[in-house]
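Colleague: Position chain X relative to chain D; hints supplied.
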Amino acid sequence: MPKDDTILVVEDEDQARTFLTEILNFEGFKALGFANGAEALDYLRTSAAPCLIVLDILMPVMDGRQFRAAMLQQPRFAEIPVVVVTALDSSTADDLKAVRVLRKPLDIGALLNVVRANC
Amino acid sequence: MQAAGSHDPPLVIVHGVAFDNAADRFLLLNDQLDLLRKEVFARRRVEAQLTEAVQARDEFIAIAAHELRNPLNVFHLSLQLLRRRAGEVAGVRELLDKSRFHLDRLHMLVERLLDVSRIRAGRFELHLEAFDLKELVAEAVARFREQFPDLQISAATDPGATGTWDRLRLDQAITNLLSNAIKYGDGKPVRIEVAVERGDAVISVTDEGIGLAPGDLERIFEQFERATRRANNDGSPTGFGLGLWIAQQVAKAHHGAVTAESELGKGSTFTLRLPLEPTRS
Numbered sequence: 007m008p009k010d011d012t013i014l015v016v017e018d019e020d021q022a023r024t025f026l027t028e029i030l031n032f033e034g035f036k037a038l039g040f041a042n043g044a045e046a047l048d049y050l051r052t053s054a055a056p057c058l059i060v061l062d063i064l065m066p067v068m069d070g071r072q073f074r075a076a077m078l079q080q081p082r083f084a085e086i087p088v089v090v091v092t093a094l095d096s097s098t099a100d101d102l103k104a105v106r107v108l109r110k111p112l113d114i115g116a117l118l119n120v121v122r123a124n125c
Numbered sequence: 055m056q057a058a059g060s061h062d063p064p065l066v067i068v069h070g071v072a073f074d075n076a077a078d079r080f081l082l083l084n085d086q087l088d089l090l091r092k093e094v095f096a097r098r099r100v101e102a103q104l105t106e107a108v109q110a111r112d113e114f115i116a117i118a119a120h121e122l123r124n125p126l127n128v129f130h131l132s133l134q135l136l137r138r139r140a141g142e143v144a145g146v147r148e149l150l151d152k153s154r155f156h157l158d159r160l161h162m163l164v165e166r167l168l169d170v171s172r173i174r175a176g177r178f179e180l181h182l183e184a185f186d187l188k189e190l191v192a193e194a195v196a197r198f199r200e201q202f203p204d205l206q207i208s209a210a211t212d213p214g215a216t217g218t219w220d221r222l223r224l225d226q227a228i229t230n231l232l233s234n235a236i237k238y239g240d241g242k243p244v245r246i247e248v249a250v251e252r253g254d255a256v257i258s259v260t261d262e263g264i265g266l267a268p269g270d271l272e273r274i275f276e277q278f279e280r281a282t283r284r285a286n287n288d289g290s291p292t293g294f295g296l297g298l299w300i301a302q303q304v305a306k307a308h309h310g311a312v313t314a315e316s317e318l319g320k321g322s323t324f325t326l327r328l329p330l331e332p333t334r335s
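So the sequences go chain by chain: D and X. In this text, residue positions in the first sequence follow my numbering: the first is 7, and each later residue adds one. In this text, residue positions in the second sequence follow my numbering: the first is 55, and each later residue adds one.
Take the hints with a grain of salt, since some may be wrong.
[Unchecked claim] Stretch by stretch, here's where chain X covers chain D in the computed footprint (C-beta under 8 Å, at least three residues):
{"no.": "1", "segment": "10-23"}
{"no.": "2", "segment": "84-95"}
{"no.": "3", "segment": "102-115"}
In short, the hints are calculated from the structure, not lab data. Glycine included, C-beta positions come from ideal geometry on N, C-alpha and C.
The following block holds chain D by itself, in its conformation from the complex (with noise of 0.2 Å):
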């Protein structure tokens, strides 16, 4: 699957996402939001392999978990590198195969260190 050097950005809340993807879009990166892992996984069937996928855990319709199982039962998606970003305590995220698992409230440097390594 081609790959390119968008950042998915995966949270449900609006101000968080909206806010996260202009940092990185300012930071020099192109970032594309998405409120729910649906529409992510709609997206990632239609474009080029993302070179990095923030991913918020709980969200409406299709959550964190289910977006991730979903991309690892396909090995197109399944190489694609995921940042966990979350409010809950970072043992709910073991089961996710995370390159990185981040808690809320976002650590910008953080962030930026593992995007800078994988894009």
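Modeller: Same frame as chain D, now just chain X:
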């Protein structure tokens, strides 16, 4: 049954009372069994209520964590974005930095309260992963440098400081030690060093500030204790006095320890020592 006039001992003695009537004995035993059954039932009910209360408490902690962290996250992201958009506009960045400072403090207080609840509930679980301490320390130092741009904060890490720990918990412990060093450091340089010694990672945070009296060295690790009543600019006390206690709980959970050396008026060094592999105790 006793024959009339017999002096044989009665068949049953209960509470010092002799019964030689089988029916009475049976009824008494039945009453005793009833009481016993009621007590067992009552204890099971209390146990069920306790289990329910414990579950409710754990759910509350999880919900409180989620409900508090999400709005803090939005606030934090908005300040980050504003700061980037503000560019070099005079005065704006400084105002935003001050807002960020207080928001970070609020976040820290929320996390410490949640941690105390979890630790006291016995729900302090470690999520272990392998990582290099150098990276973790660099991120923590970067955050504090952003908050305190005029303060000299230096870091030095020995190579090979890679181990298996709970990254978020360790970040918390290091953040608490750095926060304390800055709070009591009187504006003087703060230094964090990471060394590897005999299978342990040794993280030392040193300040040149007010220091501690010998009698305070152990007390400050207790919950809600503060070495001084150092106040904010408006006179309100800072923090809950939980930072060092939490750092010590994190260390203990990793089979490590936090120790302190200090000289009044000269400064302090807090040392967090952790096995590189936490299963080794």
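Colleague: Verify the coverage statement for the segment 102-115 of chain D against chain X, using a C-beta to C-beta distance below 8 Å and requiring 3 or more qualifying residues.
Modeller: Result for this restraint: holds, n = 8.
Colleague: With a cut-off of 8 Å between beta carbons, are at least three residues of the segment 10-23 of chain D near chain X?
Modeller: holds (count 3)
Colleague: Three residues or more, CB to CB closer than 8 Å: is that satisfied between the segment 84-95 of chain D and chain X?
Modeller: holds (count 3)
This entry satisfies every hint, going by the numbered hints stated previously.
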